[in-house]
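Chains A and B supply the protein sequences, listed in that same order. Numbering-wise, my numbering puts 9 at position 27 of the first sequence, and it's gapless, one number per residue. Numbering-wise, my numbering puts 492 at position 186 of the second sequence, and it's gapless, one number per residue.
The set of hints was computed from the structure by calculation and includes no laboratory data. Certain hints may be false.
[Unchecked claim] Okay, the calculated bits of chain B under chain A, using three or more residues with CB under 8 Å as the criterion:
| id | segment |
| --- | --- |
| 1 | 369 to 383 |
| 2 | 458 to 468 |
| 3 | 486 to 500 |
| 4 | 511 to 519 |
| 5 | 570 to 582 |
[As the list claims (entries may be wrong)] Here's a subset of chain A near chain B, in silico, CB distances under 7 Å, partners left out:
| id | residue |
| --- | --- |
| 6 | L14 |
| 7 | W15 |
| 8 | I17 |
| 9 | R38 |
The beta-carbon is built from N, C-alpha and C at its ideal position, and this holds for glycine as well.
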Amino acid sequence: MARKNRINRKKTNGAVILLLAVGSALMFVPVLWIILSSFKSLAEIYRSPPTFLPERWIFTNYTEAVAQFRFLRYLWNSILVTLSATLITLIINSMAAFALSKYQFPGRSIIFILMLATLMIPIRVIMLPVYLMVARLGMANTLLGIIIPPAATPTGVFILRQYMLTISDEMIDAAKIDGAGHFSIYWKIMLPLCTPALAVVTVFSVMWRWNDFLWPLIVINREKLFTLQLALARFRGELVTDWNYVLAMTVLSIIPIVAVFAGMQKYLIQGIASTGLKG
Amino acid sequence: MINQKTTAMGQKETMAGFLFLLPLLIGLSIFYFYAFFQNIFISFTDMSSFGKPAYIGLENYKRLLTDPKFWRSLKTTFKYVAVSVPAVMVLGTLVAFFLQKARKWSSFFRTAMFLPAVTMPAAIGLLWRWLYNYEFGLINIIFSQLDIARIAWLSEPALVVYSISIVLIWSMVSTQMIILLAGLQNIPTMYYEAAEIDGASPFQSFFKITLPLLSPTLFFVTIISVINIFQIFDFIFLMIQPTALAMRYAMSLVYYFYDRAFIVFDKGYAASLSMVLFVIILLITIIQFVFQKKWVHYN
């Protein structure tokens, strides 16, 4: 009986691995194909039937793409936008979550409901008036214009508030008796205790901002301020012929974030599980 | 506890709590609430890039009714949702379920599955444009090896919605799988052990244990997927040329809105388009909340 069970388990395990292999192939092969192609010469890219591995690995595709398309400048813009928007979101969301979980004051529940209501306003629906405001504030065609409005998302408040509710008030009371001020309780006690929830909000915010396309497209039209996405998007519409450079740029844009996430995925999923994201 | 404190103390508490809320409240009031009402207001005007906008009542909404481009983009948007949401849900759940089961190489599989989620849309768009390339794309190369006729993935009017949906599904399965995987981790293993002792097949335990206990997460993911896919724009913009014939068949509501608002500056009319999108998303979300009682189990 036990033996049969073990054999059965082995069988299912094999099937699981096989299915996953097919699944990850579907996810991974397109990317792999692009990576391989990005090292081929233009002539080899346009050859039929195609080669799988490059005949000769051409690294100049990369060096020339970087030189010709000011890749580093776009990368820097993307990183700057992603990090500063995430930082703002983290601070204002955790402050609000702190107030909503640890303070009693009139109107608290109304404010909470209002925040829930904002989730019903899809961001793309209000893009026009937000853009008009940004333009009026002189932030059109500035990185600040990409950073500020999306940073005001309340999504993180719900995750953080939920998490803060599980932290006992005793520690806060003890700190109060020791004479700690409101802000230092928030900064020195609450935030360190919320690290798992803060990590989840950070990851999602980074993913959203890094992958955000339409908003930067609307706000920015000066080439100098392009994010990586906008720079890549320039190749749409044109009949692309320099696929060797384009593919090299594409690969370069994938690498930084994949490197970050590959190392983090385990903690990320545990973090989401522990914060009970789905409410 | 708090009631027993002196009023002066209570006032200070209130002040502090309110100050912590203030930055987010300011942001939300400006960029969500004010913007939302502003949008309604703009939809009743003839705002464009020149001159002062004048109030024109329901004119924009009347124009919608007789605008074939609007109706076509609306229909196309529903097509994207109808094709992509079920596919994302089913594939996302299956992938997460198997990833959870895998004992060997699990971090390799996770990273591979995770790849599309962290790749920016512009890169995904270019990547798939190359895969879909008529002459040199990988898919058509495989097809021709198998003696199947090459397909013009991104220019065939009848196909273009599906070609874009495939890209959308490819990228969204990966994103939603993360949340589903976290949901699966919250299912206590004792349920599975008990089921195994009772002789349940893996198939049975998937349908009788996994799905019901995962249903709150599934509900959450469905809501998010529907809202996101209704706002589809990126891959259409990135993969189809604006002047191509295929664009007529690929254009979504948000693309049409973008075109009106930011290319031809017909802002009043664009605002009315976005209000239609808002109402549709709101109604469909409400319907989903009503029907969740039928299938979502909270324990």
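**OP:** Please flag the earlier hints that this structure goes against, numbers listed from lowest up.
**Re:** 1, 2, 4, 6, 8 and 9
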